[in-house]
Structures are given as C-alpha cells and as structure tokens.
Amino acid sequence: MLNQVILFLPELFFLFMALVLFGLTVASGEPKPRRDYHTALVLSAIGAVITLGSIGAEGHLFFKAYRLDLFSQLFKCFLGFGLFLVICISSKLDGIAERHHPEFYLFLTTSTLGMMLLVSAVELITLFVALELSSYSLYILVPMRKGSDHDSEAGIKFFFIGAMASATMLFGMSYIYGVCHTTYLAEIMTTLPQLIHTPGAVVGMVLTLCGLFFKLAVFPFHNWAPDVYEGGANQVVAFVATVSKMAGMAILIRLVALTGGDSTYLMNVLIILAIVGMTLGNLVAIKQKDFKRLLAYSSIAHAGYVLLGILSMSEIGYASVIYYALAYLILNVACFMVLVTMSEKGQNVKIDDFSGLYKRAPLLAVTLLLGVFGLAGLPPTGGFTGKFLIFIAAIEKGYLWLVIFAMVNVTISLYYYIGVVKAAYLNPPAEGSEPIRISIPLRLLNYALIIVILWLGLYPSTLFDQAKIAAEAVLAVL
Amino acid sequence: MEPLMAVIIPTLPELIKFEWVAQAAFYFIIGVTLAGAVSAVFLRRIIHNILGLIVALFGVAGLFIYLNSEFLALMQILIYVGAICISIVFAIMLSDPMYKEDPRRRLTKVFASVLVSLLILAGFLSMITKTPFEAAAQRSDDWTVTTVGNLLLTRYALVFELISFVLVVAIIGAIVIAGQGRKQRSLK
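If you read the protein sequences in the order shown, they are chains A and B.
Residue numbers for the first sequence follow my numbering, so the first one is 564 and each next one is one higher.
Residue numbers for the second sequence follow my numbering, so the first one is 378 and each next one is one higher.
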C-alpha cells in the first residue's frame, strides 16, 4: 500500500498543489499577487524535485491501467521542470487580472497533472480522460487574458478545434477497440501489428493520432496555433508552446509504437503531414511581424521535424524525439523568457521591438541569440543536436530524401530566425528606449538556461543514453 | 369471443415471428434517432434543434435497450436528456435574445459540405466492408447495476476519479470566464 503511494507521489503532490492553489482562489480580501506567485513558485519547485526523485520508479497501478517506467518518469520530470520554469517567468504577470492570478496557477497545475497522468496511461480510456484534463485547463487559460479584443476569439477557436480533435480521437479509438477487442495498450500491442494491414486498424490509428496532432499543431490541426499564440497571455502561451507540446510528443511516441512499424499507409500519412507541416510553417513564418506569431508558425514546422523522428519507428528515432522534446522545451522557455521580460505591460512583442536589445540588456540578447539559433538548429545549441539525432535516425531507416527536404526547410527557417537576431544585434535601439533592468533571480535563470542549452548541444551522450533506455521501455510495454 | 381468441393465441407465434418484431423495433429506433438528428441539424430555430436532439438521444437510449444494456439506456436519458439538454434550454433562456436575421445558407457552401460528407461516408463504408471485424468473445451476462458499480470502483477507479476532477476544473473554469465576461460588460 505505502509502496503504491510512493509510486504515485508526483501525481499526488501536484494534486495537493492544485488543492492549495484552489484554497488561494477562494481566499477573501484584496488580491495578493506576490503571495500567489511565491506559493506557486515554491510548490512547483518542490514538485520538480519530486519528479526528479521519482525517475527510476517502476510498476503498475490501478489494475494495470497506469504504468511507471523510465519513459513516463523521464517525461514527468520534464513536465515538472517545465511547469517550474513557466512559473519562474510569471513574476511579472501583467497579462492577467490580479484577482485571477490564483486561477492562472491552478489551471497550469491541473493541466500539468493531466499531462503527467497522460504519459503514464497505458489504457485508452484513461489516456483520453487525462488528455481532456490537460486540454480543458488550457481552454480556460487562453481567454483569461485581460482587456484585449481578440482573446475570446482565440479561446473559442482553440476550444472548437480541440473539441473536434477529441471527437475524432474517440471515434478512432472505437475502431481500434473494434479490431483489437481491448483498451489496454499492452494487449493492443500484441494484436495490432497483425491487423495493421486491414483498413479499419489504419483508419482507427490515424483518427486517434488526430487528437495528438491537435496538441502538437501538426498540419491539418494547426489553425489554432497562430491565433492562440497571439491572443493568449504571454505566460499562458509559454506553457502551451512548451509543456503541452512535450506531452503531445510523449503520447505520440506511445501510440505510434503500438503499430509495430510496418504499415505503409500510416507511414505515408505521417510523411505527407511532416512535409506539408514543415513547408507551410516555415514559409508563412517568414512574413510574420509579431514574435509570438512567428514562434507559432515555427512550432508548426517543428511538429514536422518531430514526425520525422517518429516515423523512423526505431528505438533511436524515439530516443531522438525524447531528446528533441527536452531541447525544444528549454529553447522555447528561453525565447519566452526574453519576450516576457521585454513586454512591459504584458502586451505582445513585435520583432522590431527587439531593436538594440544588445545595448539595452546584453544578457537577454545572448539568451535570445542562443534560443533562436537553437530553434533554427545551429550548433553548439541543444536544437542542433536534437535535429541531428532525428535526421540520423531517419537516414538509418532509408528516408534520405525526406531528410534532404527537411534540411532545405531548416535553411528556409534560418532566414526568419536570423531576422530576429539581426533586430537584436544590428538595429540601433529605438529613440527613448531605456536599459531593461534584470532582477537577480531572473539573471540566475538566464545563466541556467544558457548553460543547459549549451550542455544539451555539447554533451548529449548521458541524456541520450537515458532516452534510449526509455525508448526501449516504450517498445516493451508489456 | 372465446373461441376466436383460442384460435388466435396459439397461432400468434406463427403469424408474427419474433425476429420480425425485433427487426421492426430496430428499424423504428434507428428511424427515430435519424429523424431527431436530421431535425437537430437542419431546422432553423434553435429550440427546434434541441427538441430534435432530445428525440435523437431517446433513440440512442432505445438502441442501448435493444443491446440489453438497461443501465446505459437509463443513464443516457437521465444525463443527456435530463441534464444536458435542459441546461442548454436554460442557457438559451438566460442569454440575450437574438433578433438578428439568420444568415442565409450559401449554395456553394451547402454543395461543398454535402460533397465532403458524401466522400467521407463513401470512405468509411468501403473501409467497414473491407475490414474483417471479428465478434469479440462475450465477457459476461451479468450487467446489473451492482456489477457496473463494482467495475467502476475497481477496474475503472482511476478514470472514474479523473472524470470528476475534469468536471471540477470545467466548473471552476466556467465560473472564472463567466465572471470575467460580466465584469467587462459592467465596465462598458
């Protein structure tokens, strides 16, 4: 009994954190944003440490509907730290009304909790409900931005496309159940590879994946990304762009691993989505003036690269996606940290606003440089190593032409990423702009992010070995 | 009277076969469901749409009874008809009346949507006919409320608890967003 509680400790802690924050939402009196911030910060720091400590836990819970292995624990640790980082950059939370700050932290926590349950769920119904828990919290967070005109539009768009994707996913799951007669992934894994050549299994699988394509903003479900990125409060978007994307990647790996890897139809679907997503994201991103919109289109392109790693359907492919997920998290947090610090009243930041950043705040300029170059995939950042590993995995499986195509796309993307760096380093500061003051905790966060980005780029072996073991754990779901 | 009844009752099973009754009931239920769904989608007044939805949901409940799942059928009526449809009606009553003119249906849009739906229907039909669906082994005959309750609190305990958590999040979220809207309106 106690043993099981320890296995479930990270989830229990985040549930406790949600409970504490819920207490703050109903506390009477004037809103106290500093108290809310410090409570959330301390709790999420403890949560991150607990997830780190739970790496290595193994076992089954809840009648085998819930599985703890290195894969799930690694992702839980990423999620825990992702939440911590997003709360770190929320100290200046101007985009949301002060009396709604406790709710902001509460829904971030419930969403993270949903994702933690999601990466451990090995039964279709549990998986679906956990996914809904994480999405519902985000549906509420996006329209919470104060006093802007397009917030409700973004929220409604996000909700409707999300509901549509969930319905498609459930429909697909019903077909998988129809051919496999079970909702347990372990049993599906033994029966589905023999049935994957029947149309019902392929269609069921593709429809199920649609729900995750929505989370990752993969091509046909990408419409929400630019509007939500532009319309949501900066910190909310930082969460959607990092933590939520990572959970999507995790569960995409789990589900694709079920097929056993020799379905030409499924491969073709993934290849087409990867190609269209990469090209569309990168070409449209060139035109963007708003930094968050640019990141939205670049995230659509990045979803394409992730599909490239997943359709290798090999251990190395999955491991490279796990590595890429962490690099993507850190790089995006770096970009959003700069964005949040730049935006004085929680407004959106245009690319021109970065003009002369190297004079106004040299440290931020360095972080931005590394973050943006990392997203572009330039060495020596974690983004380069992540892309490199994915491309290697794809070449090993004989997708050379697809990798060449992705390389062309990376080159296109360099154009707009370098535009951001050019604004920050070569353009003179705008008239009357003052140096940006950086508090000491923020300075420390900057140094930490710079170190992690470089570490991921230069010394990938330790983490990649862990990722490989985690990928083995996914393939041996029994 | 008596002799006539005595003749009819023994011959009744021969006149009307049980399979026919079952078939007739099945098609009747399907018809009710489809009619409800069609009126939920195509009628122009929102109250009529909801009435159509209620009819369709009753039809689905009938399907559950046809499949021997009385519990699900009752839940279907209680939750979907009794709670969800009624709350939609309340939402309509409490929201601002919409005197706005209904937007005209554009012919190209109708044509495009019909085309897409037909294509999807054809795709699914060919997929279903080409897939060899095997019937699963029957797991149990006993689907009483006791059994369902036991399953909910053992095998499906995690999902059961999780769904309640999802509902809590949704309720808090609804309060936050509704309160925000009210404050914005009062500022205007």
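Just so you know, these hints were derived from the structure itself, not from any lab.
A portion of the hints provided could be inaccurate.
Said to hold, decoys possible - Now the stretches of chain B that chain A is said to cover, found in silico as 3 or more residues with beta-carbon under 8 Å:
| id | region |
| --- | --- |
| 1 | 420–426 |
| 2 | 482–491 |
To be verified - Sample of chain B residues lacking proximity to chain A, with all beta carbon distances greater than 10 Å (derived):
| id | residue |
| --- | --- |
| 3 | Leu-440 |
| 4 | Leu-451 |
| 5 | Ile-465 |
| 6 | Leu-471 |
Stated by the list, open to error - Pairwise CB distance ranges, derived in the manner of DEER restraints:
| id | chain 1 | residue 1 | chain 2 | residue 2 | range |
| --- | --- | --- | --- | --- | --- |
| 7 | B | Glu-396 | A | Met-727 | 35 to 45 Å |
| 8 | B | Gly-556 | A | Val-839 | 37 to 47 Å |
| 9 | B | Ile-423 | A | Lys-922 | 53 to 63 Å |
| 10 | A | Ser-737 | B | Ser-494 | 45 to 55 Å |
| 11 | A | Thr-827 | B | Glu-511 | 44 to 54 Å |
| 12 | A | Ile-849 | B | Leu-492 | 27 to 37 Å |
For glycine and all other residues, C-beta sits at the position ideal for the given N, C-alpha and C.
Verification of the supplied hints:
1. 420–426: violated (count 0)
2. 482–491: With 0 residues in contact (Cβ-Cβ under 8 Å with chain A), the coverage given for the region 482–491 of chain B is violated.
3. Leu-440: 15 Å, holds
4. Leu-451: 21 Å, holds
5. Ile-465: 15 Å, holds
6. Leu-471: 19 Å, holds
7. B:Glu-396 - A:Met-727: 35 to 45 Å: For A:Met-727 against B:Glu-396, whose Cβ atoms are near 40 Å apart, the range 35 to 45 Å holds.
8. B:Gly-556 - A:Val-839: 37 to 47 Å: Distance hint for B:Gly-556, A:Val-839 holds at roughly 41 Å.
9. B:Ile-423 - A:Lys-922: 53 to 63 Å: At roughly 58 Å between Cβ atoms, A:Lys-922 and B:Ile-423 fall inside 53 to 63 Å, so the hint holds.
10. A:Ser-737 - B:Ser-494: 45 to 55 Å: 19 Å, violated
11. A:Thr-827 - B:Glu-511: 44 to 54 Å: 23 Å, violated
12. A:Ile-849 - B:Leu-492: 27 to 37 Å: 34 Å, holds
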